[in-house]
Amino acid sequence: MSEDFPESMPETIRLRIQDSLKHISKVAEGHKKLPRSEMAEQEIKNKLAIIRANHGLWSKNNDLKDYVDFYTEAYLKELIKVYPADRDVIKREWDAILADVDPQKAVVLGKYNKVFEESGN
Numbered sequence: 001m002s003e004d005f006p007e008s009m010p011e012t013i014r015l016r017i018q019d020s021l022k023h024i025s026k027v028a029e030g031h032k033k034l035p036r037s038e039m040a041e042q043e044i045k046n047k048l049a050i051i052r053a054n055h056g057l058w059s060k061n062n063d064l065k066d067y068v069d070f071y072t073e074a075y076l077k078e079l080i081k082v083y084p085a086d087r088d089v090i091k092r093e094w095d096a097i098l099a100d101v102d103p104q105k106a107v108v109l110g111k112y113n114k115v116f117e118e119s120g121n
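Be aware that the sequence shown starts at 1, since it is given in my numbering, and climbs by one per residue.
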């Protein structure tokens with residue numbers, strides 16, 4: 001979790017994002033101790049649903065909307081980092097989210113596909 005937080009970001013928002021990213025790592029660490037199973041895939045689906053929901057909420061909140069892109073990208077990057085063997089699952093589930101939302105929302109969320117390109121797929 002080596003995100004460079006914008007200097008203008010209030011500490012409360014930075015801490016909120018850091019806590020979210022730490023939680024992803026903590027859960028993933030627990031999954032490493034288990035045989036590869038559907039547990040990791042379900043957790044990925046849950047985390048992506050959180051990204052989708054929070055993106056909508058943060059976009060509408062005056063205090064958070066300036067940081068929604070940073071948050072969304074950081075969350076996706078952290079998922080890819082802590083679940084490298086499940087990168088294809090993350091991409092597949094992200095694509096399913098894009099297919100499930102209205103076309104305008106798909107365009108907005110689709111801009112985060114660059115995270116997958118940057119990480120090698």
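Heads up, a few of these hints could be off.
Cross-link-like lysine-lysine pairs, in silico, DSS-like; alpha carbons within 27 Å at most [to be verified]:
1) Lys105 / Lys77
2) Lys91 / Lys65
3) Lys65 / Lys77
4) Lys45 / Lys65
5) Lys81 / Lys65
6) Lys22 / Lys111
Simulated from the structure, these hints should not be mistaken for laboratory data.
Status of the hints after comparison with the structure:
no.: 1; hint: Lys105 / Lys77; result: holds, 20 Å
no.: 2; hint: Lys91 / Lys65; result: holds, 25 Å
no.: 3; hint: Lys65 / Lys77; result: holds, 19 Å
no.: 4; hint: Lys45 / Lys65; result: holds, 24 Å
no.: 5; hint: Lys81 / Lys65; result: holds, 25 Å
no.: 6; hint: Lys22 / Lys111; result: holds, 24 Å
Checked against the numbered hints above, the structure breaks none of them.
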